[in-house]
Amino acid sequence: MPQVKIIAKNFMDMVASLPALKLDKLYDNTFICEAVLRSLPALAKKYVLQLLFIDVTVTGKSLEEWLLQDGFSKHRVAVDRLVQLRVFLESVDRKKDSSYRLNPKFQINLQKYLVHGGVLPREPMPSSITVRLPTLEELDAYALEQWECFLLQLISSSQAERPTSFSSSMMKIFQRGLLSQREKEAPRLTVNGFQFLLLDTNAQLWYIIREYISNSEDRGVDPADLISFLLELSFHVTGEAYNVNTLTDIQRSTIKDLADLGLVKLQQGRKESWFIPTKLVTNLSVSLSDSSSRKQGFVVVETNFRTYAYSTSKLHCEILRLFSRVEYQLPNLIVGAITKENLYTAFENGITSEQIISFLQQNAHPRVAEKTPSVPENVTDQIRLWEADLNRVEITPSHFYDEFPSRDVFESSCDYARDNGGLLWEDSKKMLLVVKAEIHMQMREYLRSQK
Amino acid sequence: MQSTSIEMNNMGNSFKAFRVYIMVNATKGLVISSDIPMVQFIINYNSSLPASQRFILHVLDNTHLFVLPNVGEMIRSAISEFRDQNSYEKPA
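Protein chains in written order, with this note's numbering: chain A, 1 to 451; chain B, 1 to 92.
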């Protein structure tokens, strides 16, 4: 079953794949340097900080001196990543030894950031102009509502209450990996679609943004500009209003799309209009460094396999319907039961038991989240057993050999099959042999060459 | 049952009539590997079919069977039918 890792690392891979000139231009922006630093593996971060104030090139050998014996593979991974992102500039001398120094622009900007702190290109607007500023809770609720509406429309356009302003071609692009469109049928979620739904919000966000940026070239927007704008946005302060006229034209058209996703909230005053970043966008930079902020869970799973989800969201109801039987929907509660039949349907759709269990564990209600285990063991064990039940029988195409003329031929064929990794079964007494279908041709050649 | 014989006639020099035949019988099929109860179920299913449709060629041991090719799907659907008989769906 295909395993799709939809995480922020893919976003950084996209950044790394930009041409060298564009990448260097990106490093003009202090915030991008900081964001890239956060996304690096731990050893790479250490190297960057250690070389931050060193202006000369450092040989690869002296870098390796900092390592313990078993750190060599991590060292290679870190150095490769740094060279890929053009944070390290590599020079190879005549003896084929490489030496590194930090990209000068990156270095200067990061030094400035350390010393002065990040200075945003725009100031929050004075509160005399920004009346009706939403509180942080209202902002969170708005962001969540927008994001859920978008997700609902993504998976089934009939379910969303109001359509977003994304053009239908944009929605098609987002849906491309997640839904399969067959003629005369309603679009069905693919394996990747199911896994996408069960992911953390931040991972989902990164996936959508990555798709958005990959398609920006078709719409005539430079991806590097988009990336720098988004990363810059992630360093703004949640809840503060920023004037829209500080944005360039491209950024202005992007901000409308971002408002639909729930990343910012647009508001209009008498003369001016402003945007307010929500927690979703400021979390973008946090989630780069692999430490995710836990949002409040809402699911209680009992030992009798019943689930109680304290949520009003349609999206949560749909997700629960993927693998459990939803029995009642009350104004603040969704009651359901995890049944074998629903799980079988889920397994047929490509969801694994590990995904379901980690979804339940990560979204456990605060009341049960403190207990260990947060999901009862009999439930998790039973889910895994049911999954194993579907895979009881293994079928291998193969060939059966009998009527060997002599024991020697039999023994040597057995050894030949065993050496080639194709021996499935043998019976020495009756001189019978079963080998995998893949090596049947080789066995024929071998037997033919026997005298 | 389909069987293909490999007949090899190895003629060394043309005068010395020293021929060695190697005739090993090779049969194409599928190996079914499972736990013991499931193997018993498949054997029972096999016996319940009319003689023209039986598919087990050899019982290798109590966890492995050698069957005709192309019956993989038939076996899998028989197993899921058996599995579904154990399920009870509450009427909606």
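Be a bit skeptical, because a hint or two may be false.
[Said to hold, decoys possible] Okay, the calculated bits of chain B under chain A, using three or more residues with CB under 8 Å as the criterion: (1) 23-35; (2) 46-60; (3) 69-79.
[Unchecked claim] Here are the simulated BS3-like pairs of lysine-lysine, each with C-alpha atoms no more than 25 Å apart in a straight line: (4) K112(A) to K96(A); (5) K340(A) to K90(B); (6) K430(A) to K90(B); (7) K429(A) to K90(B); (8) K271(A) to K314(A); (9) K112(A) to K95(A); (10) K90(B) to K436(A); (11) K340(A) to K172(A); (12) K25(A) to K61(A); (13) K256(A) to K172(A).
I should point out that these hints are in silico values taken from the structure, not numbers from a laboratory. Just so you know, even glycine gets a beta-carbon here, dropped at the ideal spot from N, CA and C.
Evaluation of the provided hints:
1. 23-35: holds (count 13)
2. 46-60: Per the Cβ count (3), the hint holds.
3. 69-79: holds (count 5)
4. K112(A) to K96(A): violated (34 Å)
5. K340(A) to K90(B): Distance of about 12 Å is within 25 Å: holds.
6. K430(A) to K90(B): violated (53 Å)
7. K429(A) to K90(B): Distance of about 54 Å is beyond 25 Å: violated.
8. K271(A) to K314(A): Cα-Cα ~37 Å, so violated.
9. K112(A) to K95(A): violated (36 Å)
10. K90(B) to K436(A): With Cα atoms ~44 Å apart, K90(B) and K436(A) exceed 25 Å; violated.
11. K340(A) to K172(A): violated (34 Å)
12. K25(A) to K61(A): Between K25(A) and K61(A) the Cα gap is close to 30 Å, so the pair fails against 25 Å, i.e. violated.
13. K256(A) to K172(A): holds (18 Å)
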